[in-house]
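Q: Let the hints inform the model, and build the full structure from the sequences given.
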Amino acid sequence: MQKTTLTMTLSVLALAACSPQAPVPAASVPAADAPAAPAMADMTMPAEPQAATGPITSTGKIVAIDAASGTLTLDHQAIPEVKWDAMSMAFTATDPSMLKDLKVGDMVVFDLVSAAEPSKIGRIAKQ
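Residue numbers (numbering that gives the first Met the number 0): 0 to 126.
Quick caveat, the hints were computed from the structure, so don't treat them as lab data. Please read all numbers here as calculations on a predicted model, not as lab measurements. There could be a bad hint or two in this list.
Think about it this way: if two alpha-carbon atoms lie no more than 27 angstroms apart in a straight line, the pair counts; the simulated DSSO-like pairs of lysine-lysine are [unchecked claim]:
# : residue 1 : residue 2
1 : Lys119    : Lys99
2 : Lys60     : Lys119
3 : Lys99     : Lys60
4 : Lys102    : Lys60
5 : Lys125    : Lys102
6 : Lys119    : Lys82
7 : Lys82     : Lys125
8 : Lys60     : Lys82
9 : Lys119    : Lys102
A: Structural data, given as structure tokens:
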């Protein structure tokens, strides 16, 4: 049974290899007088958008605070620099002592450390 299957497979492959190839459409063959396409090295590529490198400021409302771990949850506005919609999420304070005078319900302005570290807050103050 295996020999028959192998023989049939080889026969099909041999026939496929001997079949005439489909012609190349004329549109894909450049005309002799057509200008050559620029090499990839000569092409100008669009620059990647720069990520915000410094502090990124936003506002929000404190939903929860864990002073012992230096974290807080904010219901914050949209932050376009990191492509975030408005949402509630947890952040870590770079210095937990900055949370000592804050309480749940406070409206705050805060700085994310950078786009590379968007879950870290480097500054926070009541509004």
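Q: The structure should be examined with respect to each hint, and the outcome stated for every one.
A: Structure-based check of all given hints:
{"no.": "1", "hint": "Lys119 to Lys99", "in the structure": "holds, 17 angstroms"}
{"no.": "2", "hint": "Lys60 to Lys119", "in the structure": "holds, 16 angstroms"}
{"no.": "3", "hint": "Lys99 to Lys60", "in the structure": "holds, 16 angstroms"}
{"no.": "4", "hint": "Lys102 to Lys60", "in the structure": "holds, 10 angstroms"}
{"no.": "5", "hint": "Lys125 to Lys102", "in the structure": "holds, 10 angstroms"}
{"no.": "6", "hint": "Lys119 to Lys82", "in the structure": "holds, 16 angstroms"}
{"no.": "7", "hint": "Lys82 to Lys125", "in the structure": "holds, 24 angstroms"}
{"no.": "8", "hint": "Lys60 to Lys82", "in the structure": "holds, 19 angstroms"}
{"no.": "9", "hint": "Lys119 to Lys102", "in the structure": "holds, 18 angstroms"}
Of the numbered hints stated above, none is contradicted by the structure.
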